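Q: Residue numbers (my numbering), protein chains in the order written: chain U, 26 to 350; chain B, 406 to 741; chain L, 153 to 457.
Certain hints may be false.
To be verified - Computed cross-link-like contacts, DSS-like style, restricted to lysine-lysine with a CA-CA straight-line distance of at most 27 Å:
hint	chain 1	residue 1	chain 2	residue 2
1	U	224	B	673
2	B	672	U	224
3	L	286	B	488
4	B	494	B	422
5	U	275	B	672
6	B	530	L	366
7	U	99	U	111
8	B	672	U	267
9	B	673	U	226
10	B	496	L	286
11	U	275	B	673
Claimed, not checked - Footprint (simulated), chain B over chain L, 3 or more residues, beta carbon under 8 Å:
hint	region
12	337–351
13	367–377
No lab work stands behind these hints: they were computed from the structure. The structure displayed is predicted, hence computed values, not measured ones. Positions of the beta carbon are idealized from the N, C-alpha and C atoms, including for glycine.
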Amino acid sequence: MAFLDIKDLQVDYVTEDGVVHALNGVDLEVMEGETLGLVGETGAGKTTLAKCIMGLLPQRTGRIRSGEIYYDGKDLLKMSLKEMQKIRGAHIAMIFQDPMTSLNPVLTVGDQIAEAVQNHENCKRDEAMKRAEEMLELVGIPAERAGDYPHQFSGGMKQRVVIAIALACNPKFLIADEPTTALDVTIQAQVLEMMQDLKRKFHTSMLLITHDLGVVAQNCDRVAVIYAGEVVEYGGIFDVFKGMRHPYTKGLFSSIPQIQNEVTRLAPIPGMMPDPMDLPEGCKFCTRCQHATQRCREEHPQLVQVGEGHWARCFLCEQEGKVKE
Amino acid sequence: MMEGGAKKELLRVQHLKKYFQTPAGLLYAVDDVNFSINQGDTLGVVGESGCGKSTLGRTILRLHEPTSGEVLFDGVDIMRLNKAQMKEKRKQMQIIFQDPYESLNPRLTVSQAIQAPMIIQGLYKASDKEGLERRTLEMMDLVGLARRLVNTYPHELDGGRRQRIGIARALALNPRFIVCDEPVSALDVSIQAQILNLMQDLQQELGLTYMFITHDLSVVKHLSTQIMVMYLGQMVEMGTPRQIFENPCHPYTKALLSAIPIPDPAKKMERIQLHGELTSPINVGPGCRFAKRCVYARPECFASSSQLKEVEPGHVVACHLVEHTVDEAGASGLSE
Amino acid sequence: MKRKEREVGSMANQALHSRGLWADAWHRFKKNKVAVAGMVFVLILVVISIATLVIDWVTAGEIYNNYVTKTNLPMKLAGPSLEHIFGCDEYGRDILFRLLWGTRYSLFIGIVSILIALVGGGFLGAIAGFYGGKVDNVIMRVMDVFLSIPSMVMAIAIVTALGNSIFNLLLSIAVPQIPRLARIVRASVMSVRDREFVEAARAVGADDGLIIFKYIIPNALAPIIVQASLTVGSAILSIAGLSFLGIGVEPPAPEWGSILNAARTYMRDAWHISVIPGLMIMITVLSLNLAGDGLRDALDPKMKN
Chain U
26 MAFLDIKDLQ
36 VDYVTEDGVV
46 HALNGVDLEV
56 MEGETLGLVG
66 ETGAGKTTLA
76 KCIMGLLPQR
86 TGRIRSGEIY
96 YDGKDLLKMS
106 LKEMQKIRGA
116 HIAMIFQDPM
126 TSLNPVLTVG
136 DQIAEAVQNH
146 ENCKRDEAMK
156 RAEEMLELVG
166 IPAERAGDYP
176 HQFSGGMKQR
186 VVIAIALACN
196 PKFLIADEPT
206 TALDVTIQAQ
216 VLEMMQDLKR
226 KFHTSMLLIT
236 HDLGVVAQNC
246 DRVAVIYAGE
256 VVEYGGIFDV
266 FKGMRHPYTK
276 GLFSSIPQIQ
286 NEVTRLAPIP
296 GMMPDPMDLP
306 EGCKFCTRCQ
316 HATQRCREEH
326 PQLVQVGEGH
336 WARCFLCEQE
346 GKVKE
Chain B
406 MMEGGAKKEL
416 LRVQHLKKYF
426 QTPAGLLYAV
436 DDVNFSINQG
446 DTLGVVGESG
456 CGKSTLGRTI
466 LRLHEPTSGE
476 VLFDGVDIMR
486 LNKAQMKEKR
496 KQMQIIFQDP
506 YESLNPRLTV
516 SQAIQAPMII
526 QGLYKASDKE
536 GLERRTLEMM
546 DLVGLARRLV
556 NTYPHELDGG
566 RRQRIGIARA
576 LALNPRFIVC
586 DEPVSALDVS
596 IQAQILNLMQ
606 DLQQELGLTY
616 MFITHDLSVV
626 KHLSTQIMVM
636 YLGQMVEMGT
646 PRQIFENPCH
656 PYTKALLSAI
666 PIPDPAKKME
676 RIQLHGELTS
686 PINVGPGCRF
696 AKRCVYARPE
706 CFASSSQLKE
716 VEPGHVVACH
726 LVEHTVDEAG
736 ASGLSE
Chain L
153 MKRKEREVGS
163 MANQALHSRG
173 LWADAWHRFK
183 KNKVAVAGMV
193 FVLILVVISI
203 ATLVIDWVTA
213 GEIYNNYVTK
223 TNLPMKLAGP
233 SLEHIFGCDE
243 YGRDILFRLL
253 WGTRYSLFIG
263 IVSILIALVG
273 GGFLGAIAGF
283 YGGKVDNVIM
293 RVMDVFLSIP
303 SMVMAIAIVT
313 ALGNSIFNLL
323 LSIAVPQIPR
333 LARIVRASVM
343 SVRDREFVEA
353 ARAVGADDGL
363 IIFKYIIPNA
373 LAPIIVQASL
383 TVGSAILSIA
393 GLSFLGIGVE
403 PPAPEWGSIL
413 NAARTYMRDA
423 WHISVIPGLM
433 IMITVLSLNL
443 AGDGLRDALD
453 PKMKN
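If we strip away everything but chain U, and leave its shape as in the complex, we get (with noise of 0.2 Å):
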């Protein structure tokens, strides 16, 4: 059984120029254990989706649409903000793609581990300050530096206590949100090799939104690949990453150079993603498609199992599987 189960996901963003259409019918299950991963360009809804598993969608001007999030049996878009406060930090964590600003600057880092654990556990203030010193030994931050203030760590060592701040209360799933695009690659390497320890050990199930698709490929068991608020294909890691059925996927591959294989030119994928205001009819990447017919344009196409838990969304695709209901 799915351990989070998104269904059909609607969001808009009322703005004042017009309707933003940042998520259209988003379907992803979240397996106990697993790592999913999220890729797609800016504004294609993955920071959206982020939020509103955690229920920080922000009230003046999102609107969900349609559409249910099930964790443990319970839908999460029902629950009142008194319920989600439980659930959130307890057993859904967040990490945040800027460690510069996610932290308190006036508290030491100490506090601010210690403010998480007291905020779900009943405990004693000096109970949460160890707990916060064993977190940030975990983390790889000497349990010294607790009472030190984040101005002194550099960005890695922030990402670091950032980490130990979402897992203070044993989450049992974790959302990270472009974690260690502000890092360098030798920090990202340690972070990331971190954070699968981290996973393994306390067995936490996560999803890692991504625009680099060597993160996913080194890090995740399953990858979902998003575009203009939809999933245009998922399915195992390797599934996806060696026999890639969608367009859209095979242009990301094509787009990025390679350190293996040596290409003189890249083969980009034409145009840019539609504006989320005024979203084609038919398939959202029929306007970039070098295979687009008439039919892309005017339906709009679901999502096809094309091999076993691998799922494309493309007419493609049609003829091998069953589409998904």
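Guided by the hints, dock chains B and L onto chain U, whose structure is given.
A: Leaving out everything else, chains B and L in the frame of chain U:
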């Protein structure tokens, strides 16, 4: 690559230093860097944030005044030029910036942004509307911007298009040398590939010479004819992409290469451990700057800084652990 | 082949209609009803000042002399009536006329003094912000000295030292505002100075003058405009304050503050003489602040969300 005979050297940088005074002490942003670029080549400069690669690019263009050193462009030391001579030289040396959202004046339209350099440099008079417009449309065609966007403002355009404006602005003066400071880092992968291809095409069509600064090793490998690896203000290794990627000699280069996440789940990374994190080069003492993080560091690494050694023709490394493997006399006889 | 990848203009010769940042800001401002109301009220005051000046010029001051300043003792302290809807003051002069004719003082002195402060403060702040270092230090420390003197005290000192005239009054209100505006301008210029597009302009060979006027000022203007429009409100309060103390605009000129000063004595017998000009000052300053706030939201849309 056409390798017809020896290429002409366009740019030579000698003992270039740029120090900044900070409250914490002297910051050695660029410390005694030497290299040269041939006409039509691309020098890729890689390193992590704070290694001085952007400062290097800006100092070469005299956007920062260097602390000392020479930059010979076509044999002329541009550091000795006066204001008027330097302004003239700027026609030949341009820069493309990282952030297409930051590098365009939000109050200027596309055509005004492209025309500004031409008017400033006196290629066209501001009153010569017709000439300016013709040239603007020419530039827009060249970088692949639709002509209908001529009167739009940067905030109405996406990152890829803005970066095209940035490129058109740099090209408007017909430069020969362009410093590209992370021009694709802020862009999405599919757009990034479009811009990289455009830059390659322009290089071939116009015979441009690039200095391509980036933290992305895959991009550097894809584009460069020479690669320079920087660490805390110094060059630690330089060579052709093949030399750097197949035979990295400096422990830092090795660690950097091993940290790249490979987009292939079948190939698991074997990362080379590094101690700690990059610090800033403030008040650096003697010794190799990488020694503190290096797993192979020996006592002599902390005692004295290492000189550049040539390990194979055209491949130089600054590391105590690397021995001379090619004797100087033999090296000059060999050619690539 | 290669060209195909580049963007091909389907509507090659049809230039897109587009809107600059200023037009964009105006578009946003228009949506803010309260701010628009404030701006409309201020515009009405401007029209009134100009209209009364024109009337004085056409009638050679006849109306001013007969209705605004001429005493009419029978109507002394008369309450509001159909004939005099805001009533009359202690000399029997119609308060409505006095208020209308007094608009020019508040508005003219308020706006002009801030313009003076803006030129002075803007120049000093821009130099301090652009060049930084020692220049910045010297200018800003001097500004700090000025800032340590309460603005009302400085205004009083200036007027008493230089004598009572409109020009000195302007100066006394402008000078205390110079350091405040210099600070804003400096901060704003500094935030723009190091942005990449300024460096880009340098890279193509632009000189300091061009960079300041074409690249820095237009981008630094938004917070300065907002601050200036908010300061006009406090300048109007200062004028009223000075006149109330008797060192501002001299009677019988119908300055709002001096009307209040005179009305003080009759507060118990004739409330309308003090309340109506008081309300007038309040509404004017409020309108300016509302319009200023609206400007801020319109010019910096990030602030709102």
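Q: Compare the structure with each hint and give your call.
A: Structure-based check of each hint:
no. : hint            : in the structure
1   : U:224 <-> B:673 : holds, 18 Å
2   : B:672 <-> U:224 : holds, 21 Å
3   : L:286 <-> B:488 : holds, 23 Å
4   : B:494 <-> B:422 : holds, 21 Å
5   : U:275 <-> B:672 : holds, 19 Å
6   : B:530 <-> L:366 : holds, 17 Å
7   : U:99 <-> U:111  : holds, 13 Å
8   : B:672 <-> U:267 : holds, 12 Å
9   : B:673 <-> U:226 : holds, 20 Å
10  : B:496 <-> L:286 : violated, 33 Å
11  : U:275 <-> B:673 : holds, 22 Å
12  : 337–351         : holds (count 4)
13  : 367–377         : holds (count 3)
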